[in-house]
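There are 2 protein chains.
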Amino acid sequence: MAGKIMVRVVKIGGNIIDQPEKMTAFLPQFAALSGAKILVHGGGVLANQMALQLGISQTMIEGRRITDLDTLRIAVMVYGGWINKQLVAKLYAVGCPAIGVCGADGDVIRAVKRPVKKVDFGWAGDVTSVNTEQLHGWLAKGLAPVMSPITHDGRGQLLNTNADTIAQEVAKSLSKAFHVELIYGFDQAGVLADTPEGRQVMPVLRRSDFQQLKATGQINGGMIPKLDNAFSALSSGVKGIRIGPAESLTQLIAGTAGTAIEW
Amino acid sequence: MAGKIMVRVVKIGGNIIDQPEKMTAFLPQFAALSGAKILVHGGGVLANQMALQLGISQTMIEGRRITDLDTLRIAVMVYGGWINKQLVAKLYAVGCPAIGVCGADGDVIRAVKRPVKKVDFGWAGDVTSVNTEQLHGWLAKGLAPVMSPITHDGRGQLLNTNADTIAQEVAKSLSKAFHVELIYGFDQAGVLADTPEGRQVMPVLRRSDFQQLKATGQINGGMIPKLDNAFSALSSGVKGIRIGPAESLTQLIAGTAGTAIEW
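Order-wise, the sequence lines are chains P and V. For what it's worth, the numbering used here labels the leading residue of the first sequence as 1, then goes sequentially. For what it's worth, the numbering used here labels the leading residue of the second sequence as 1001, then goes sequentially.
If we strip away everything but chain P, and leave its shape as in the complex, we get (with noise of 0.2 Å):
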């Protein structure tokens, strides 16, 4: 396993993105990383702006967002076009070879439409299969895979898929071949917990201490999923696991900030 090559997974999010000054700080930090990397982006406010200038509701069940044909094509055009191609763009202009790929390009992510249960997600993917040997083309030429958070289905329809979910995937894809590093991006230090000084970021979180916090209700909301997530990749064969601000890549990757997630 030690001899295995290195592939980092950062996976960035709307607080980036949106924030010129944060992306700024990112994307020098990004191409400085040594090795193979990939980066997984989200959306950000420019999608509901669109939506809400073009008179398209957004229907929200449960919390979630129903892709309807509509907002399927804003998805499509905000992150599979503008953010993905200004990503490129900005990462060629400090140095970083890079290609912006949505999953249908090279057949990179499969995924189904959600199957309706009690809810109807619309145009909502679930992922059936990373191409990690498409993976490994773009990154053996030096390319960074700049990848946004739509997928297709093989049979012509494009769909909407949570980029956490999309870095997840591509990480736990890519731990059987190569020593896997999961970066995500957050809109915090960390992952926060009380303590007798007050709410500060834990340098890092073990399962045990997860279970105990979630217990307690000292973790909460939307921390609980992606936790969940993290846990699940390492139990996947990931081999590290580093949750805080993007703008401080390089401290998140050297264990100088943000969060440890740790079996």
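Take the hints with a grain of salt, since some may be wrong.
Residues from chain V shown here face chain P by an in silico Cβ test under 8 Å; the list is partial [unchecked claim]:
{"hint": "1", "residue": "Met1077"}
{"hint": "2", "residue": "Ile1099"}
{"hint": "3", "residue": "Cys1102"}
{"hint": "4", "residue": "Thr1132"}
{"hint": "5", "residue": "Ala1215"}
{"hint": "6", "residue": "Trp1263"}
In case anyone wonders, no lab produced these hints; they're calculated from the structure. Don't be surprised by glycine CBs; every beta carbon is placed ideally from N, CA and C.
Since the structure of chain P is already known, use the hints to place chain V on it.
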């Protein structure tokens, strides 16, 4: 020269993109082409619709659109996002592995912002280089590059570039190492000229014919720059050029539809 591998560069425009039944006819024909192939696409009505819906006014000077920042964003979203990714997903549905790229992806087409002389065309890009090694890498993996008419300047700026120009520059660059055929999809049956039997498609248009038909005004308007470009491509090493309806691609290539442009 006879031993060179063939690459076909097929350019499609709005008349295919906006008409589902023509697209449905075109895609399986493109998929069925043997050997290496590249699809270059333009826009269609969606970009104009989006601009209208978003209240973005289009500035035209001397019949050419000025690419302000809002117009660039729409171009990247619609061409680089929705149209590009839909084409890739639909090509997989007909068994054609593909990768959707703009000029920034893999640094495949670099451009400069068009120099301001009498008119500032805004974020319009004039192609400066085509990365044929990158194209070759994708072709060698059996992927059909699907190219949107967006380029970048290597310094972080995306640029809007004419799709005919992209097709032509790609064809010219590849012709150094490959036997390149360039197929321009067109909204007419081919190059038309007046004959004793009425206005008919010319099966072949030679350069001397073109000069004469241009002089007599039988070929005019937007067809002239298209044909000027075609002859320029031939003089730069492109081996064959055909112009005609992309939904008749198989016949175009067989020489039973459209117009062959010859020196």
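Each hint, compared with the structure:
| no. | hint | verdict |
| --- | --- | --- |
| 1 | Met1077 | holds (4 Å) |
| 2 | Ile1099 | holds (5 Å) |
| 3 | Cys1102 | holds (5 Å) |
| 4 | Thr1132 | violated (14 Å) |
| 5 | Ala1215 | violated (43 Å) |
| 6 | Trp1263 | violated (37 Å) |
Checked against the numbered hints given earlier, the structure breaks hints 4, 5 and 6 and satisfies all the rest.
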